[in-house]
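Since the structure of chain A is already known, use the hints to place chains B, C and D on it.
Each chain, written out:
Number of protein chains: 4
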Amino acid sequence: MRFGLLGAGRIGRIHGLNVAARADAALVAVADASNEAASALAAVTGAHVAGIDAILADASIDAILICTPTDTHADLIEAAVSAGKAVFCEKPVDLDAQRIRRCLKQVAQTGKPLMIGFNRRFDPSFAALERRLRAGEAGAIEIVSVISRDPSPPPVAYVARSGGLFRDMMIHDFDMARFLLAEEPVEVFALGSALVDPEIGQAGDVDTAAVLMKTASGRIAQISNSRRATYGYDQRIEVHGSKGMLRAGNIHETTVESATVAGFRADPVQNFFLERYAAAYRAELEAFIAACRGGTAARPSGLDGLKAQILADAATESARTGKPVAVALEAN
Amino acid sequence: MRFGLLGAGRIGRIHGLNVAARADAALVAVADASNEAASALAAVTGAHVAGIDAILADASIDAILICTPTDTHADLIEAAVSAGKAVFCEKPVDLDAQRIRRCLKQVAQTGKPLMIGFNRRFDPSFAALERRLRAGEAGAIEIVSVISRDPSPPPVAYVARSGGLFRDMMIHDFDMARFLLAEEPVEVFALGSALVDPEIGQAGDVDTAAVLMKTASGRIAQISNSRRATYGYDQRIEVHGSKGMLRAGNIHETTVESATVAGFRADPVQNFFLERYAAAYRAELEAFIAACRGGTAARPSGLDGLKAQILADAATESARTGKPVAVALEAN
Amino acid sequence: MRFGLLGAGRIGRIHGLNVAARADAALVAVADASNEAASALAAVTGAHVAGIDAILADASIDAILICTPTDTHADLIEAAVSAGKAVFCEKPVDLDAQRIRRCLKQVAQTGKPLMIGFNRRFDPSFAALERRLRAGEAGAIEIVSVISRDPSPPPVAYVARSGGLFRDMMIHDFDMARFLLAEEPVEVFALGSALVDPEIGQAGDVDTAAVLMKTASGRIAQISNSRRATYGYDQRIEVHGSKGMLRAGNIHETTVESATVAGFRADPVQNFFLERYAAAYRAELEAFIAACRGGTAARPSGLDGLKAQILADAATESARTGKPVAVALEAN
Amino acid sequence: MRFGLLGAGRIGRIHGLNVAARADAALVAVADASNEAASALAAVTGAHVAGIDAILADASIDAILICTPTDTHADLIEAAVSAGKAVFCEKPVDLDAQRIRRCLKQVAQTGKPLMIGFNRRFDPSFAALERRLRAGEAGAIEIVSVISRDPSPPPVAYVARSGGLFRDMMIHDFDMARFLLAEEPVEVFALGSALVDPEIGQAGDVDTAAVLMKTASGRIAQISNSRRATYGYDQRIEVHGSKGMLRAGNIHETTVESATVAGFRADPVQNFFLERYAAAYRAELEAFIAACRGGTAARPSGLDGLKAQILADAATESARTGKPVAVALEAN
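Protein chains in written order, with full-length UniProt numbering: chain A, 1 to 332; chain B, 1 to 332; chain C, 1 to 332; chain D, 1 to 332.
With the rest of the complex left out, here is chain A (with noise of 0.2 Å):
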């Protein structure tokens, strides 16, 4: 399978040397709005550097990687599955509910695949909890628990133009419990506070949060964000049924452990993105592939990514009008 990338910056070069990694899959073109970007990426996979244009225009290339900014990703998806391309891209579809919804209507149209970037689903530890869940290992399920830390605070300059906490941050995590719930929510009530920056506050937005949802038959989802954790890139989750628990957490970054009159030292857990979510990047380009192949519909779907989206905006709006807002994903 051939590919062209959209973007090369962090996330699209992670794709792209994943891509390049593969025995069944070329990385053929790269575009970036930095020539060095691109290029440097080009020069390590073998691919060479194209507009984005001439990539789509390329007849050669099979699949597109959208990893570019968020705001052009609607246009992109709807460029190159016209152009007959399968389309993996980075979240969001877009930041407005309603542009995901065109979009998704043309995406259908050309019956291309589309496959969102929840990279998280991939994680071989949660992925293994959702199969183990399925198959009911902890009975029937009554309440999902996500947990999501980021190491530290992003710029506030980006926080301002990101949509917000919600949408920027706790969007994996919503999809992560539509992932495990297995139903969906149908009532979202949030909380919000600028505890780590006083700065993101006073952009508008907060650091620190927390969301209840519940589904129709009265399962219940917790989630707990913050955008600080002195120990590592905390993520965990837990679920809670009939028969018991399962649930999946973190990674030291060795295995060593100390014991002195200090009591027992473990190291943090891993750091940083890239890192943590390594196998669930690579898992995810897998079964992309495999869906591109085997002309099944690929997972999460322009439909998670909506769903995911419409959660995160009642969060929003929950935080900021103090009400538990009400949701019909299935009507979507």
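Just so you know, these hints were derived from the structure itself, not from any lab. Because the structure is a prediction, the values reported are computed rather than measured. Glycine residues also receive a C-beta, built at the ideal position from the N, C-alpha and C atoms. Treat each hint with caution, since some may be false.
Reference excerpt, derived from the structure (chain D facing chain A, CB under 10 Å, subset only) [claimed, not checked]: (1) Val44; (2) Lys243; (3) Ile251; (4) Glu257.
Frame of chain A, contents of chains B, C and D only:
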């Protein structure tokens, strides 16, 4: 110090035996509606069996332990402090906050110590965590999480007269959240479902619940409860602050671990609250005696009991109405 | 059952209090060279202070707890069984295997129960591990590992008359290895060094030691000992068999864990043997009473005491000569 | 740096792919008795297939990776250094210490770098532990423990020509013990049994073994090996010193943990050495390249290979004779 015990049921028996095991205290008299229960406890502690009135009238008795049914607590507290006794009373003071307020007013007039049995504050691990939190080890508090799952649901008949999960079970977690937050909640949002036992739902209660609370400065508390946990009595707390995290948890039945083709297996956690909190009950009594002796205020106080009750009432209302409920604890 | 206690030092006090705390047993009399120690314990247990001869002559006493210095054990066991008492004696019976053999012969002639205080067999975790081992959970036993580290070395004066590390400290581990192996060792190889305190070396003893033993069928036991462990009293066992591994270990002081930039930190493990083995001492007494009542053999028996002593003697010799020492325990 | 690879079997393939994945190195040529194996690896690395002589004669090649059968190692090392190449050779140099000595003499005459593939030194956790040990975190070293258990025994045919467990398997642990002890062993005592597979015993080898070693200053090393571990590839080290303990261990297949009525269950540990030590093989190659570039001595050196072999020989003799064997590594 000489003690009279009102109520020789399961929890009364624990407190009575703990008094008897101390070198600096004696259990003098035991009252119970069941003569059998009273006699059995009296026999192993060297106490005599007596009626409530006789115990309160006994000038040789310094302190009263109230372990009778909830609906007698407020009356007995008032009678005991009026008789000049120091009082330790199991939670809750009453299911009606107004009744608690009247009771506390009378206690205040007598100046006698009143301590409420929120035993979990005295769990050695939870108490150590709180001390380290106060010493600043986690920095400024951001998120407090409390998980509390009973091994199995109580009989529906009990549920019906319990005041509901939020007042009967989660009240402990409201107290724990206040203990850890070090700032009063101003808002409570609650979700509840009957997922464990449909008859609990038919009785108008829930068995699975989650709460979010916020303080004036923006600190967030998460609580989750279930009436069922197949793997033991699940009691965990986790506090996230500007410098890091402090958490404390369960104790496995033994330290034995097996490793076979099926993986690594550890024991369930301690299943029974009297075992899980045995050390807490002893430390609680120690604290009560120290407060009585030292003339210092007994903590958790009657006011702590009232505040937990108000939060439980707010959660009950929130779960019923689907809306967050504002609370103003400082005014009480 | 009515008990007389000989020796009211640290360990005697533990046993005396455990007897007094039982509903089915009473501590009747206490003897100690120090009248103060005897009186203090008598005061809190309801016992009276008496001389050894008077206690042995008291027909109302069923059982004797021997907690006096080692060099009195064998004489007191003989005197007690001759007086018709059941006997529980702290390890070791004697530092001289020949003296133990004579003592056991006399015990056998009286037919009275004799149990030796290898308390670790009664630790709830170690006992559960042994039961699961016997039930076949790890399959056929291949390697038994025992780790035992004291928090800090004893005074050199104590070391000088202790019989040496292998007889004073590792004797517990020889018993534990036999308990777990379920087959007698036939060979002992020992290494010892004085790395903790050079004065221990000058006194002719070691403070750091390791032993390898082999059974006739080829099972292997590893033991390591140190007189120092900064992180608490380190007591671990691990058994490897054809189906997998069973291990059991230490208990941390609390369950509190912190996570900061410095990593994850848990408490030291319980530091004091009386705390670490508190439950074991209670279960040990329970087993002694059950054996006396049920007419079953008390275990660990006097023969278990002899065998552990023989292994300790062999290790002492091996460390001295640098050669493995053959032992033939079945012949004793 | 341009590499030639001799031997494209399981381990050769790993090293070849690791070279090819680096930006600063290239795999130029591959030789293997099986043309299929050589071609398959050449195809995915951009190398060409060639004979050994041609590779050694190729002036454009800087370094040779020797991954051929053991009995060819010494000859190939000599040929490669004589051809002016830097050499990385899989352990062992040879099963005969005298042959190793001759080989190292010739290497020394050429002055070319020689590094031996004791990959475990490069495991990120073991390497970090060693660095922290050297930095004094555990104080003065007292006891080093190494546990190494293979998931399942090799074919008896392999065992027969392997040199025996001590030379084939425990040689890694002898190197690890030396790496951690920071002082040479002067005595080796070994016990071995055939408990896993009786045919291994009939072939004159053992499958379950334990070793004790002592250094001149009295430090003690314990090693235990088994050819079977149902729960995965068990690789643990633990070092006890005057200030405390440092340990490092296994990695579970995922972080998923279940909690049910049966207790808490975690995954088996990584089962396959190529997965368990994947990062170690990459770091090992990095170290070899750095040494070649920097003109520094490659470690582990040929002398490290010789010393591990001498300890393995001593253990083999000890297990055979039942006596400890003195070794004098510094003289080599």
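Against the structure, the hints come out as follows:
Among the interface hints, the one on valine 44(D) holds; its C-beta lies about 6 Å from the nearest C-beta in chain A, closer than the 10 Å criterion. At its closest, the beta carbon of lysine 243(D) sits 6 Å from a beta carbon of chain A; the interface hint therefore holds under the 10 Å criterion. The interface hint given for isoleucine 251(D) holds, since its Cβ lies 7 Å from the closest Cβ of chain A, which is under the 10 Å cut-off. The criterion of a C-beta within 10 Å of any C-beta in chain A is met by glutamate 257(D), whose closest approach is roughly 5 Å, and the hint holds.
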